[in-house]
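Sequences listed follow chains Y and S, in order.
Under my numbering, the first residue of the first sequence carries the number 6, and numbering increases by one thereafter.
Under my numbering, the first residue of the second sequence carries the number 492, and numbering increases by one thereafter.
These are calculated hints, taken from the structure and not from any lab test.
Just so it is clear, CB atoms sit at the ideal spot from N, CA and C, and this is done for glycine as well.
Keep in mind that the hints are not guaranteed to be accurate.
[What the hints assert, rightly or not] The following label-pair restraints were derived from C-beta to C-beta distances:
1) S:506 with Y:44: 40 to 46 Å
2) Y:123 with S:663: 29 to 35 Å
3) Y:144 with S:771: 34 to 40 Å
4) S:591 with Y:82: 21 to 27 Å
[As the list claims (entries may be wrong)] These stretches of chain Y come out as covered by chain S in the derived footprint (C-beta under 8 Å, 3 or more residues):
5) 57-69
6) 81-95
7) 112-122
8) 158-171
What follows is each chain in one-letter form.
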Amino acid sequence: MNAIKLYTKELHLHYGEAHVLKGIDIEVPEHCVTALIGPSGCGKSTFLKTLNRMNDAVANVKITGEVMLDGEDIYAKNVDVTALRKKVGMVFQAPNPFPMSIYDNIAYGPRIHGEKKRIVLDEIVEQSLRDAAIWDEVKDRLKKPALGLSGGQQQRLCIARSLATKPELLLMDEPTSALDPISTSKIEELIDELRKSYSIVIVTHNMQQAARISDYTAFFLLGDLVELGTTGDIFSNPKDRRTEDYITGRFG
Amino acid sequence: MNNPPLSRITGKRRRPSEFLLYGLIYLLAACLAVLVLLLVGYILVRGLPAITVPFLTTAENPILETVGIFPSIVNTLYIVFFALIICVPLGVGGAVYLSEYAKNKKLVGAIQFASETLAGIPSILYGIFGYVFFCVLLNLHVSLIAGVLTLTIMVLPIMMRTTQEALRAVPKAYREGALGLGATKWYLIRTILIPSSLKGILTGVILSVGRMVSESAALLLVAGGSAMYMPRGSVWEQLSHSGSTLSVELYRYAMSRGDNGTAFGIASVLIVIVALLNLLTRFVAWRLNKK
Ligand SMILES: Nc1ncnc2c1ncn2[C@@H]1O[C@H](COP(=O)(O)OP(=O)(O)OP(=O)(O)O)[C@@H](O)[C@H]1O
Ligand SMILES: [Mg+2]
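Taking the hints into account, I'd like the entire structure generated from these sequences.
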């Protein structure tokens, strides 16, 4: 088993009165893809957002427990959230390119973190777009608005944008749910490629996708982590009855 | 098999109520356009004869009995320019603070309420306040600078309002995307929120300019009611003198002298200035957007 990149202990999250995460203990191994599955509303997105503190801005949110990334507690007082989010990148469910050029979209992250040199930025932009398998489609229109791309291209652009800050852990919230089968398989191939250099946590509603691309699978239900195991075990030999019911489509 | 008849999607007549509604809307739009054209046309037709080179380039001379509005043109531009310089950053900053930083919902509500109320009160009240506060209390006397400050508080609510609306319209996904990459709030504001709100801010500027250029009552009180001298001295010296703007002059010529020809001449100049200022604002926004 690979080294542990991130783990949580007794992670609870409340939105006001609602108890959304009820004591999650999970381990995310390095250079692996960990898939989060579970019915709608069970807290997958919420959990993902606690891993790079995107929930901080929500009013009335209360988070307790530990989230340890490479041995550091990301909720400690002296954490630099900017540095944390450089290290932990995020791709959202709906593609959300900024209203600027393709180039500026990709350079956005590096610029936040202080990169100003044109040659360096050029290099990062090209490399990120190549890594996200979209370079050939956009290399002649880098100065054109990113909003002019198709949905599938936009999502790969957003992945490239996350890669540009050179994260170590990549969080993806249903990155293919809005895409056609061809774009989806491109992104799946991409994820397969990315696992060599990144650790990935991906939320998906697509069981086949989870089975295809992930090494580990975690099943969430109503704010609990019901079961975590290798994807092979979860899909062929689940320990918990509820996991089996969900995977075989008996509910959710 | 006994299939039901196919329903047809062509050849249907428009519903009469819809027809009526469209007709009404077009009629109203046409009325509005005609009204504007008539108004502008009438003013220009009556005003253009008064517009001569001396009219535009000299000051009024009571001895020679010549009419000139150059000082008022300069006063108007000064007041608009300096009031914008103060109220755009203040208004945009205030709006950014209220919608992005302020945590206390009650305070935000109170400020919102106050600024809406301020936007609705008659301008003469600003005039009285400005006179007592700026001219007397702060000892600025009746001067252009007092006019600038009075107009600033008058249009500040407009600037804040329009900017806030624009900020609210920026998609949440942009914020998430930027914050997710590690952007600080300020970076997000600078690189995404303000650029995306530029159109709204611009609307605020245009509305503000309109309100300032058309103001007469308040300015008569705080900035003075005549412009006899050609501008001279430094900018600061000019700002500390009293002077009337074009709207004030318009009022003066039309009301106290019954000189309608000159009044329409001034009105024509005003229309041209407002049109030019709007164009300029648009140009600035276009340039900013391109960058
Ligand atoms: N900002 C918020 N304020 C209050 N409640 C929230 C907020 N965000 C999410 N919730 C609630 O938390 C619960 C978990 O939501 P979450 O988005 O994490 O579910 P999910 O597992 O990602 O669902 P889906 O598969 O549909 O995306 C839901 O009941 C939701 O209504
Ligand atoms: Mg979700």
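Results for each hint:
{"no.": "1", "hint": "S:506 with Y:44: 40 to 46 Å", "result": "44 Å, holds"}
{"no.": "2", "hint": "Y:123 with S:663: 29 to 35 Å", "result": "32 Å, holds"}
{"no.": "3", "hint": "Y:144 with S:771: 34 to 40 Å", "result": "38 Å, holds"}
{"no.": "4", "hint": "S:591 with Y:82: 21 to 27 Å", "result": "24 Å, holds"}
{"no.": "5", "hint": "57-69", "result": "holds (count 3)"}
{"no.": "6", "hint": "81-95", "result": "holds (count 8)"}
{"no.": "7", "hint": "112-122", "result": "holds (count 4)"}
{"no.": "8", "hint": "158-171", "result": "holds (count 4)"}
In this structure, every one of the numbered hints holds.
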